[in-house]
Amino acid sequence: MVDWTDAERSAILGLWGKLSADEIGPQAFARCLIVFPWTQRYFSSFGNLSTPAAIMGNPNVAKHGRTVMHGLDKAIQNLDDIKNTYAALSVKHSEKLHVDPDNFRVLAECITVCVAAKLGPAVFNADTQEAFQKFLSVVVSALGRQYH
Amino acid sequence: MSLSAKDKANVKSIWTKIQTKSDDIGEQAFSRMLVVYPQTKTYFSHWADLKPGSAQVIKHGDTIMNKIDECVNHMEDLVPFLSSLSELHATKLRVDPANFKFLAHCLLVAVAAYLPNDFTPDIHLSVDKFLQLVALALAEKYR
Numbered sequence: 001m002v003d004w005t006d007a008e009r010s011a012i013l014g015l016w017g018k019l020s021a022d023e024i025g026p027q028a029f030a031r032c033l034i035v036f037p038w039t040q041r042y043f044s045s046f047g048n049l050s051t052p053a054a055i056m057g058n059p060n061v062a063k064h065g066r067t068v069m070h071g072l073d074k075a076i077q078n079l080d081d082i083k084n085t086y087a088a089l090s091v092k093h094s095e096k097l098h099v100d101p102d103n104f105r106v107l108a109e110c111i112t113v114c115v116a117a118k119l120g121p122a123v124f125n126a127d128t129q130e131a132f133q134k135f136l137s138v139v140v141s142a143l144g145r146q147y148h
Numbered sequence: 001m002s003l004s005a006k007d008k009a010n011v012k013s014i015w016t017k018i019q020t021k022s023d024d025i026g027e028q029a030f031s032r033m034l035v036v037y038p039q040t041k042t043y044f045s046h047w048a049d050l051k052p053g054s055a056q057v058i059k060h061g062d063t064i065m066n067k068i069d070e071c072v073n074h075m076e077d078l079v080p081f082l083s084s085l086s087e088l089h090a091t092k093l094r095v096d097p098a099n100f101k102f103l104a105h106c107l108l109v110a111v112a113a114y115l116p117n118d119f120t121p122d123i124h125l126s127v128d129k130f131l132q133l134v135a136l137a138l139a140e141k142y143r
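Protein chains in written order, with UniProt numbering: chain R, 1 to 148; chain V, 1 to 143.
Simulated from the structure, these hints should not be mistaken for lab results.
Any given hint could turn out to be false.
[To be verified] Quick partial rundown of chain R residues pointing at chain V, CB under 10 Å, derived from the structure:
#, residue
1, Ala30
2, Leu33
3, Pro37
4, Met56
5, Glu109
6, Cys110
7, Thr112
8, Ala116
9, Lys118
10, Pro121
11, Asn125
12, Gln129
[Claimed, not checked] Derived DSS-like pairs (lysine-lysine); straight-line CA-CA distance at most 30 Å:
#, chain 1, residue 1, chain 2, residue 2
13, V, Lys41, R, Lys118
14, V, Lys51, R, Lys18
15, V, Lys141, V, Lys6
16, V, Lys8, V, Lys21
17, R, Lys118, V, Lys67
18, V, Lys101, V, Lys129
19, V, Lys92, V, Lys41
20, R, Lys118, V, Lys129
21, V, Lys8, R, Lys118
22, R, Lys118, V, Lys51
23, R, Lys18, V, Lys17
24, R, Lys118, V, Lys12
[Said to hold, decoys possible] A short list of chain R residues far from chain V (calculated; beta carbon distances all over 10 Å):
#, residue
25, Leu19
26, Glu23
27, Arg41
28, Leu72
29, Val99
30, Asn103
Just so you know, even glycine gets a beta-carbon here, dropped at the ideal spot from N, CA and C.
Please model the complete structure; the sequences and the hints are all you need to start from.
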């Protein structure tokens with residue numbers, strides 16, 4: 001069980017209320033594929049990923065970005081049991097998708113950057129960043145937990 | 001992962017914009033690191049106040065940012081340029097080099113927050129590479 005302070009809980013929920021998964025998801029996922037190009041290895045079926053412009057305009061990338069970002073909704077609704085919330089998804093990423101769990105950390109970085117760009121330094125202040133990164137690191141840990 | 005000509009051009013171009021907010025960005029990057037990665041505070045236990053906005057935090061954020069600004073003009077020779085600073089960090093400060101990436105990350109977040117329209121994915125890529133090379137040059141003298 002993760003220890004959330006009241007301030008962290010309220011920062012995370014407040015932040016989530018200000019974000020659109022449909023907007024941030026595609027941005028974060030595209031950024032991940034561009035900034036860390038080895039992450040493209042899992043998406044050979046997505047079509048043209050040859051340039052940043054191609055990635056940012058690719059509808060499969062956008063769709064998957066939305067899927068992944070909406071996947072975080074479950075964690076937001078279950079802050080006190082993220083570990084179990086993602087148990088099945090962790091098994092899937094390990095056994096079926098064979099995704100190196102370091103990729104989860106790398107995507108989390110890109111999500112953080114996109115959220116900072118969207119909200120600016122006053123809203124996404126240091127304490128909010130701390131709470132949000134703690135939340136993402138719990139998600140990342142839960143997704144990597146079933147690997148063996 | 002070395003810097004291509006495009007990477008260097010990208011870094012120089014975003015840095016002209018970063019210069020206009022250098023103090024804010026430097027302060028934000030350093031103070032965020034202390035909040036988001038509290039283990040980094042262990043190196044500053046001799047300071048009175050580690051909270052964002054404190055005089056020492058602001059000053060040190062500035063010091064670090066000014067040096068990184070200079071690194072932009074030394075992308076071809078980061079290792080020799082940072083030689084004495086590396087010596088300092090290795091022998092006197094003894095900062096675990098694993099921490100450099102935390103400051104780099106907070107710098108990326110600060111740049112994204114202040115320059116959202118300029119910090120495009122391809123610029124992000126080049127700056128990320130640049131900061132990794134700065135960190136590597138800073139760790140050069142450790143062992």
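Next item on the list: Tell me if Lys118(R) is really an interface residue toward chain V, meaning its C-beta lies closer than 10 Å to one of theirs.
Entry: Since chain V brings a Cβ to about 7 Å from Lys118(R), closer than 10 Å, the hint holds.
Item checked: chain V versus Asn103(R) - minimum CB to CB distance exceeding 10 Å, so not interface -> holds, 15 Å
Check: Straight-line Cα separation of Lys118(R) and Lys51(V) no greater than 30 Å?
Finding: Since the Cα atoms of Lys118(R) and Lys51(V) sit roughly 25 Å apart, the hinted pair holds (cutoff 30 Å).
Check: With d taken as the least Cβ-Cβ distance between Glu23(R) and chain V, does d exceed 10 Å?
Finding: holds, 13 Å
Item checked: Given pair status - Lys41(V), Lys92(V), alpha carbons within 30 Å -> The given pair, whose Cα atoms are some 17 Å apart, holds under the 30 Å limit.
Notebook entry, point to check: If you take the shortest Cβ to Cβ gap from Met56(R) to chain V, is it below 10 Å?
Noted result: This hint holds: Met56(R) lies near chain V, its Cβ roughly 7 Å from the closest one there, short of 10 Å.
Check: Quick one, are Lys118(R) and Lys67(V) close enough, alpha carbons at most 30 Å?
Finding: This hinted pair holds, its Cα atoms lying about 28 Å apart.
Note to self: Next pair to validate is Lys41(V) with Lys118(R); report whether the Cα-Cα distance is within 30 Å.
What the structure shows: holds, 28 Å
Check: Hint check: is the beta carbon of Thr112(R) less than 10 Å from a beta carbon of chain V?
Finding: holds, 6 Å
Notebook entry, point to check: Does Gln129(R) meet its interface restraint, that is, does its C-beta lie within less than 10 Å of any C-beta in chain V?
Noted result: holds, 5 Å
Margin query: Hint Leu33(R) vs chain V: min CB-CB distance below 10 Å?
Written below: At about 8 Å, which falls below the 10 Å cut-off, the nearest Cβ of chain V leaves the hint on Leu33(R) intact, so it holds.
Check: Taking 10 Å as the limit, does the beta-carbon of Glu109(R) come near enough to a beta-carbon in chain V?
Finding: holds, 7 Å
Checked against the numbered hints above, the structure violates none of them.
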